[in-house]
Every structure is written in C-alpha cells, then in structure tokens.
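Undergrad: Sequences and hints are given; from them, build the entire structure.
Number of protein chains: 2
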Amino acid sequence: MVEIIVAKNAGFCFGVKRAVKLAEDSSKLTLEGKRVYTLGPIIHNPQEVERLKSKGVIPLEGQELHEGDAVIIRSHGIPPDKERQLREKGLEVIDATCPYVKAVHEAVVDLAKEGYFIVIVGEKKHPEVIGTLGYLKESGGKGIVVESLEDLKEAYRYERVGVVSQTTQSEKFFKEVVGELALWVKELKVINTICNATSVRQEDVYNLAPQVDVMIIIGGKNSGNTRRLYNISKSLNPNSYHIETPDELDPSWFEGVKRVGITAGASTPDWIINSVRDKIKKICSELSLSSSSR
Amino acid sequence: MVEIIVAKNAGFCFGVKRAVKLAEDSSKLTLEGKRVYTLGPIIHNPQEVERLKSKGVIPLEGQELHEGDAVIIRSHGIPPDKERQLREKGLEVIDATCPYVKAVHEAVVDLAKEGYFIVIVGEKKHPEVIGTLGYLKESGGKGIVVESLEDLKEAYRYERVGVVSQTTQSEKFFKEVVGELALWVKELKVINTICNATSVRQEDVYNLAPQVDVMIIIGGKNSGNTRRLYNISKSLNPNSYHIETPDELDPSWFEGVKRVGITAGASTPDWIINSVRDKIKKICSELSLSSSSR
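Top to bottom, those sequences are chains A and B. First residue of the first sequence? That's 998 in this note's numbering, and the numbers climb one at a time after it. First residue of the second sequence? That's 998 in this note's numbering, and the numbers climb one at a time after it.
Note that these hints are calculated values from the structure, not bench results. There could be a bad hint or two in this list.
Note that the list lumps identical chains together, so a pair holds whenever it fits in one copy or between two copies.
What the hints assert, rightly or not - In silico PhoX-like links for lysine-lysine, alpha-carbon gap of 20 angstroms or less:
hint, residue 1, residue 2
1, K1169, K1183
2, K1079, K1183
3, K1172, K1183
4, K1183, K1099
5, K1172, K1278
6, K1099, K1110
7, K1186, K1139
8, K1150, K1172
9, K1139, K1276
10, K1231, K1186
11, K1186, K1110
12, K1052, K1018
13, K1122, K1099
14, K1052, K1014
15, K1169, K1150
TA: Here is the structure:
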C-alpha cells in the first residue's frame, strides 16, 4: 500500500478559505433575485473564480450597482470610507476581510490614538496596505508605508513610533526595519501583524519532502508562493513535481514508490488538492495490480 | 601659528562629569567634620581618584560607616533597597547616579507597570544593570538580562515584551535583539536608553583625524574606549599617538606641523586634557622660535 501524506498546512490560508466560504454562502442571495458581486476577483485562481461565477458570484468590472445588490469585500479589506460609500448606496455589504487584516486596522488605530507616528511595513500599492492607510487616515493619525530602509528616514524625525506590518510581509525586512528604528527613535511600539501562513507552508515542506519518495506541489505555474514551495522541495528531494491539475500526473513518477507527499500554494482550493490525491491513489493501485499480475 | 583643535566630544561624558562635580562639592562636608565616602571608585582614573582623595573624598573599601557620614552613589547607580539601607543607617546619601541611568530605572518601572515582561540588553554583572534589576524587582515586574541571542529565548514565552538597554550597550547588538524579538512576540515596546557618549566620541575622531597633521589621544593605556578611539584615529591618520600624561609628548612629532587634533577617552578629566594642550602649545612655539632663529 502506498501512503499519501498531505502537508498539514497546504492550500488556502485561513483568510482566503473564509472569504471563499462567504462568497459561496452569498450565492444563495441570487435565489432571492439579488445580484452578488465581489470587489475584484476574490482569489487569484481562475478555476475557483469560474466555479463561483457559475453560482452567480460575479467579479465587479464596471457593472453599475443598484440598491439591494450584494457586494463582497475580499480578504485584503478596503478603506473605511469606501465601505461607507457602499453602505450609503443601499448595498448589502458582505465583509470577507481577513480577521488578521482587521487586526492590522485595529493596531493602527490604537497606536495612532496613543500618539505614535505609524510605520506600516509593506508594499505601497498593495490593496491590503491601501485599506490599512484608510483606517490610519480616519483615526487622524500620521504615518508612512515603508518598502525600503530609505523610506524609513521620514520616521526618524518622530520620538514615538508605532510599527505594524502588511500580513504577508517578509520577516527578514520587518526585522531590519524594527532594528533600525529602535536605534533612531526614543520609544518604539511594535505590533507584529505578520501572518505566518506562508512560513508554516514552507516549514511543512522542509519536514515532509525528505521523508517521502515523491513530492507533488500543486498550484498555478505563475503563483510565486507555489514556485517557492517547489524550489524548497526540489532542493531536498529530486523527485519533486509542480502541477496545476491532476491531468499532469505521470504514472511513471510513482513506480515502486511507498510514500507520496502533497502540498499546495495558498491560492489552491481544496477540491483541486483532493482530486490530485484521488488520482494518485488510482495510479498507484493500478501500478500495484499490474505488478502483482506479472 | 599652530592650530590646536580639541574634539567637541572628548573626555568625561555628562554623567561622569556630574558625578565628579558632586564628589568635589561634597568634599566641603569634611570642613563640618563629616567623613565622605564613594561607593567604589567614582571613576576608573587613578589620578582623578587620588586628587579627590586629597580633598577628603575616600573610596569605601570596608571602612565602617557611622551615622552622619556622607556616602556618594556613583554614576552607575545602585538598587533601591541598597539605597534605603544607607538612608536607614542615618547616612547622608549623595546621589550621583547618571540621569541617563535614572531614565533606564524609570523606563523599567513604567514598562513593568504596563504589564510587559522586561528584557534588559546589557552585561549581567555590570553595576548599572544590577541597579536596574533592583528597580525591576521592586516594581513587582518580571524580566531578564540579555547578553546573547541565546539568553533571549526565555522572553519568547511572553506575548508583551518591553525592552531597555544598559546605557553603554553596543547599538549593533541592541538592534539584533529588538529585531529578533519583533518576530517572536505579539507586542513589543522598546525604550532606547543607549547613551550616545561613546559613539559621538568616535564620530568626532572620524571627522577630525583626517583634517589634522598629528592626532593626540589621551587616556589610560588600559582604557578600552580610549584604545578604540586610538585605533580609529590610526586607521585614518598614521601620525596618531596614545598618551596618558603630557610628559609622554615627543617634540619631534610636531616638527613642521600646522594642525594638531586632540581627543580623550570618557574617563580622562579635563585638567589632564588642558595640561596636554598647554604642553603642545609650548612645544610648538619653541619649535617655531628655533626654526626662525636658524
């Protein structure tokens, strides 16, 4: 018997899973004759967006909104004034903002109220950061987004600085920013808002890849986080393969194999992971039958 | 004319200068028949300690204290229970604790009251750190002294961590500690209590040494911070000399010289710096007379 081990942390992170679930639940509103939109694609996975579209959950691309329509805020969140505008239009707002992102909003507002100048470690144009900046602005606080140590200089003029992070920020850069700031300002308050979804997925691969005969990594070929998982796996186990769908599985990979490991990038839905697992099971049982019949 | 430039930041730091001044003022108490002691040598400079001794300010080395004696707390500070014991004995306590060290005590007490687990970045056996730990203990707070990243692990168990530093801590290590902690704990509050006396002395040498023909560095041959000033100077200007007293000045160093730079370690009193400057002036004017008489 072949043993198939799916990494403990594989595929959707908590916030994406929750957002997709909310979108799916909202599709029922179409039965009441409502139109259901998502503000931008709910997830960067075309198959999943198509699946939800078939259920009536449509990405907003310039369509005119009418009172009573439902609008889903995706996991990145949006600025509070944007959310108010939606509500004032009489739309039904379904807030799928990731709770970890909400925690960043709260941290920024609290720090601003305590009088800190805010440093948001993150990408200036990322929708999550744009949302967080909206909360900072609304609280009446002052702050900047820091992409490089060069950006940080503006913060050195302040005595009391509060730091938060975009949830998907790299730990390495966050650490550098906090260390520099600690030398320049008198008082520094840091709320670590990095979500560990990426790092735990990578850690799982470090653990799993050396223990198995073959390692299958599922996710878009254009998905950065999936490619990083594949590279880690390949460095530890030469029999590592990066696929998007079960159709790409090659039976020859599994000949004489006892243990198969599976993981998936953060934008890969469970149903794709499951179909891959089922296909591997099938391939392996066919291989075993043909070898025992020899 | 030879130009002699004394570095802006040379010799005693603010806290040491203040402690020596308080010791000097206290010597007047001997006129009232009081005995005046310092808790340990007030400064690591034997000439200065001798000078104060001659005025009646005696380092405490096991002498029995009597009610009415005066006791000087040196710039490092002491734990609050020790100070209370002195006062309860009926001694006159003269507190020469450096105000920057008092700021560390206050920061630790405030952070402990706010419920933070305290990390003191510093040397476990340094008298300043022992004093600070006393204030932490008295406030009912919990914390550790961190000399290495290994020591830091104990702090990872806590969600909210407050950080202060021994005033003479290296900026590099402080930055490392703060960066690591920011990744491990949920909320980090850092009060940067590093005193910049050492770094500004070094910066001055970086600026001054390349501008002068000869650079004179004054301070004990066994003084670490003076040796570091000398090494920086030597790397920028080969005509750099480390001396303890004016007697070591060699007239040949000043032949044909137009500009002389002077600096001194943090334990070098002004009167030694001044006597070196006067001696250089004298040497240079003698050299100029002998060259014009040729």
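Undergrad: Does each hint fit the structure? Answer for all of them.
TA: Now for the hints, and whether the structure bears them out:
1. K1169 to K1183: Classified as between: cross-chain Cα gap 16 angstroms, same-chain 23 angstroms, threshold 20 angstroms.
2. K1079 to K1183: neither (35 angstroms within a copy, 29 angstroms between copies)
3. K1172 to K1183: both (18 angstroms within a copy, 13 angstroms between copies)
4. K1183 to K1099: between (28 angstroms within a copy, 15 angstroms between copies)
5. K1172 to K1278: neither (43 angstroms within a copy, 51 angstroms between copies)
6. K1099 to K1110: within (17 angstroms within a copy, 28 angstroms between copies)
7. K1186 to K1139: both (15 angstroms within a copy, 19 angstroms between copies)
8. K1150 to K1172: both (16 angstroms within a copy, 16 angstroms between copies)
9. K1139 to K1276: Classified as neither: same-chain Cα gap 54 angstroms, cross-chain 56 angstroms, threshold 20 angstroms.
10. K1231 to K1186: Neither: 40 angstroms inside a copy, 40 angstroms across copies.
11. K1186 to K1110: both (13 angstroms within a copy, 16 angstroms between copies)
12. K1052 to K1018: within (13 angstroms within a copy, 83 angstroms between copies)
13. K1122 to K1099: This pair counts as within: shortest intra-copy Cα distance 18 angstroms, inter-copy 44 angstroms.
14. K1052 to K1014: Cα proximity of K1052 and K1014: one copy only (17 angstroms, versus 78 angstroms across).
15. K1169 to K1150: both (19 angstroms within a copy, 18 angstroms between copies)
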